[in-house]
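**Q** In the order they appear, the protein sequences are chains A and B.
Heads up: the first sequence begins at 1 in the numbering used here, then just goes up one per residue.
Heads up: the second sequence begins at 1 in the numbering used here, then just goes up one per residue.
Source of the hints: derived by calculation from the structure; they are not laboratory data.
Watch out, some of these pointers could steer you wrong.
The list treats identical chains as interchangeable, and a pair is accepted whether it falls inside one copy or across any two copies.
Claimed, not checked - Calculated lysine-lysine pairs in the DSS-like style (CA-CA distance at most 30 Å, straight line):
1) Lys-5 x Lys-162
2) Lys-249 x Lys-5
3) Lys-315 x Lys-17
4) Lys-17 x Lys-251
5) Lys-17 x Lys-366
6) Lys-26 x Lys-251
7) Lys-162 x Lys-192
So the chains spell out like this:
2 protein chains.
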Amino acid sequence: MFLSKRVLNTQASPIRKLVPYAEMAKKAGKKVYHLNIGQPDMEPPKAFFEGIKRYTPNVIYYSHSAGLYELREAFSMHYKSKGINFDPEDLVITTGGSEAVIFAMACVADPEDEIMVIEPFYANYRGFAEMLNIRLCPIKADPRDGYSIPSWDELEKGYNKKVKAIIFSNPSNPTGTVYSYEELKRIVDFAKEKNIFVISDEVYSGIIFDGKKHISIMNFEDQDRFIFLDSISKEYNTCGARIGVLGTKNKCFLEEVMKFAQSRLCPPLIEQCGTLGLLYDLDKDYTNKLIIEYQNRRDVAYNEIKNIEGAIFQKPSGAFYMSIELPIDDSEEFVKWTLTEFDIDGETVMVAPLTGFYATPGAGKKEIRIAYVLNSEELKKACNILKEAVYAYNYVYSKEK
Amino acid sequence: MFLSKRVLNTQASPIRKLVPYAEMAKKAGKKVYHLNIGQPDMEPPKAFFEGIKRYTPNVIYYSHSAGLYELREAFSMHYKSKGINFDPEDLVITTGGSEAVIFAMACVADPEDEIMVIEPFYANYRGFAEMLNIRLCPIKADPRDGYSIPSWDELEKGYNKKVKAIIFSNPSNPTGTVYSYEELKRIVDFAKEKNIFVISDEVYSGIIFDGKKHISIMNFEDQDRFIFLDSISKEYNTCGARIGVLGTKNKCFLEEVMKFAQSRLCPPLIEQCGTLGLLYDLDKDYTNKLIIEYQNRRDVAYNEIKNIEGAIFQKPSGAFYMSIELPIDDSEEFVKWTLTEFDIDGETVMVAPLTGFYATPGAGKKEIRIAYVLNSEELKKACNILKEAVYAYNYVYSKEK
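Input sequences plus hints: build the corresponding full structure.
**A** As structure tokens, this is what we get:
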């Protein structure tokens, strides 16, 4: 009676495996500022709850496997208003962005096939690929370069014949980088030359700073090649609702992915109704306030982390993450240390080591991710503790070792 | 740019692919009685909606990946009251029973490994296995024998060294058969001899007729070998809520399956809150009424179908399905024909051909499944139309061919 190799080989969540250390810190009476997880701290728009009240039927039936038609219509209108030309029939509502990634991967790659990924990448891509026995083929982005899309040469160097698709998130989790037209064009051209799919995870597209505009993969030509992924989790602070979207203009792909969608029957009905409310009564003020809030926090974090001597990073333009190369030798050890050995007046900070966001062995050992999901005051304190922790780790703890 | 073999090889939903014919029938002005899909027609207990109101937090956060701890506690108490000894820590809340099946399969089998299955079986097992590149190894149950668990010899004959687990639903979808202690013991003993896992899908365990008692796999010894699957969908008429449960006493399995659970973050939060309400305020009256209603319907359907000359079936004891061997040559053709060519005073019936519930090529061509999810009056009409359809198909249509 043996467990599958696929599950034994699956990486444990790089963030969650450090949770016991945070629990130890709390038991020891320390206050822990959590910058380690992308769990938003704000309430969703009221229209979400109104939608649940208004549209939830008395009989909790299976919806269409692609989601309620009205909901796909509402998303279609929403996307069209943003210059993305999806008809309701081009969309599949999924159980969170997670399921959209799983479906996309399973439709483009067989076991032992590979999917290119710009690394550091959303850590759970790895878990999904491992469940499906797909290999990730990583192309490294550079913190010195603001984690932008690597050059054509680097893409070419990383490519091999087993690659069936390229996946990335834009804005990027974990780096907060928002890709330019030129960067995206490079991916589109590269995918065309290699005849592979482009899986564009645009879950954070609603959170862009400094007045910049998000460029969707769907704004490019060669649309049959693109699989668009979205979710209401981040822009509307509804991450526990598990409502995502997979969109494509590729009719073959859509017909085939529906087989997987039908197997699992439907996405959760009540949250679909909430999302209907959200989209029917879209509150632009809510999103504007959200962006301003995150932009302020980004500035707070940026200004504090600038003070860390030796930190290498650039100001990110979207999402609510920042990846930073620190003058440390082992980010995982560093995080454990901040939780177990370090505090300032009984307070410490938890960040995410970036090792789990890389597929290249050994990569990310000097890098961490912070999620700015605390209010500005707490965030400032937390970043300051981080600064002191780096100093203490290098100049006190390391010398003791 | 090619789609994966796994998706191209995945069977389209055997029920849903006939939906266009039902739509044609409706466009032609016919009334279609749907006996083809397990979509309950009743309202859930009020406590489900109360739970949503009472327990949904203002911030829609990610729950624990194994589900809200309070919910696992509530399920634990619920199971203990039914003689199933699960602690909260033994349980993972999943997105419907579907996700529980996917997780269980992915944890026990690698690509090209096999999972034994008593056929006819829940059709979507096949879709899940295909997504995960696992082969199903079918052992045929016999309608003449009430679709009971095949003999040891037959299990032995079907087994091969690549088999890692055996899966079945009890009560069975699509047959409604409730397995006896001896039948289950045979599976348990067989699994022990072969050292394979037992995946017991008990989604219909709350719907058992004639005062019989459901026997859970967890009532047997050798508990490390068992993966228990459940869902609130059928017993509480909440199939659109997508709340399922995976339970096991196998600590290794649990630790490993959590990697997949963590990758997809969490099951839907609002339906978890509804389920909390459901379990905190469990309405035994509701379940009793539900059982009486389905038992009545079962009797109505049984008494009508008895009148179909040449029909081979036994009275099922659970769930809300019945599988029947009919004197027809091709069940899929028959279903199409009932929708396109046949009606009685403008009314016809849609049943599910059983071919899609078999992995053995060609099996099920004479069998159909009905789901008794209509009220007794409509059900009686529908079964009578079915009887007339079988007659007309054999004595009118076939002679014309």
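**Q** Tell me, please, which holds for Lys-17 and Lys-366 at an alpha-carbon limit of 30 Å: within, between, both or neither?
**A** within (18 Å within a copy, 53 Å between copies)
**Q** Quick one: Lys-17 to Lys-251, C-alpha cut-off 30 Å, is that within a copy, between copies, both, or neither?
**A** Between. Shortest inter-copy distance 17 Å satisfies the 30 Å Cα cut-off; intra-copy 40 Å does not.
**Q** First find the shortest C-alpha distance between Lys-162 and Lys-192 inside one copy, then the shortest across copies, and answer within, between, both or neither for a cut-off of 30 Å.
**A** Within. Shortest intra-copy distance 15 Å satisfies the 30 Å Cα cut-off; inter-copy 40 Å does not.
**Q** Is it within, between, both, or neither for Lys-5 and Lys-162, if the alpha carbons may be no more than 30 Å apart?
**A** both (21 Å within a copy, 14 Å between copies)
**Q** With identical chains, the pair Lys-26 and Lys-251 could be close in the same copy or across copies; at 30 Å between alpha carbons, which is it: within, between, both, or neither?
**A** between (52 Å within a copy, 26 Å between copies)
**Q** 30 Å Cα cut-off: does Lys-249 pair with Lys-5 within a copy, between copies, both or neither?
**A** Close across copies (20 Å), not inside one copy (36 Å); limit 30 Å.
**Q** Measure nothing new, just compare the shortest in-copy and cross-copy C-alpha distances for Lys-315 and Lys-17 to 30 Å and report within, between, both or neither.
**A** Only inside one copy: Lys-315 and Lys-17 sit 28 Å apart there, 51 Å across copies, limit 30 Å.
Hint compliance for this structure: no hint is broken.
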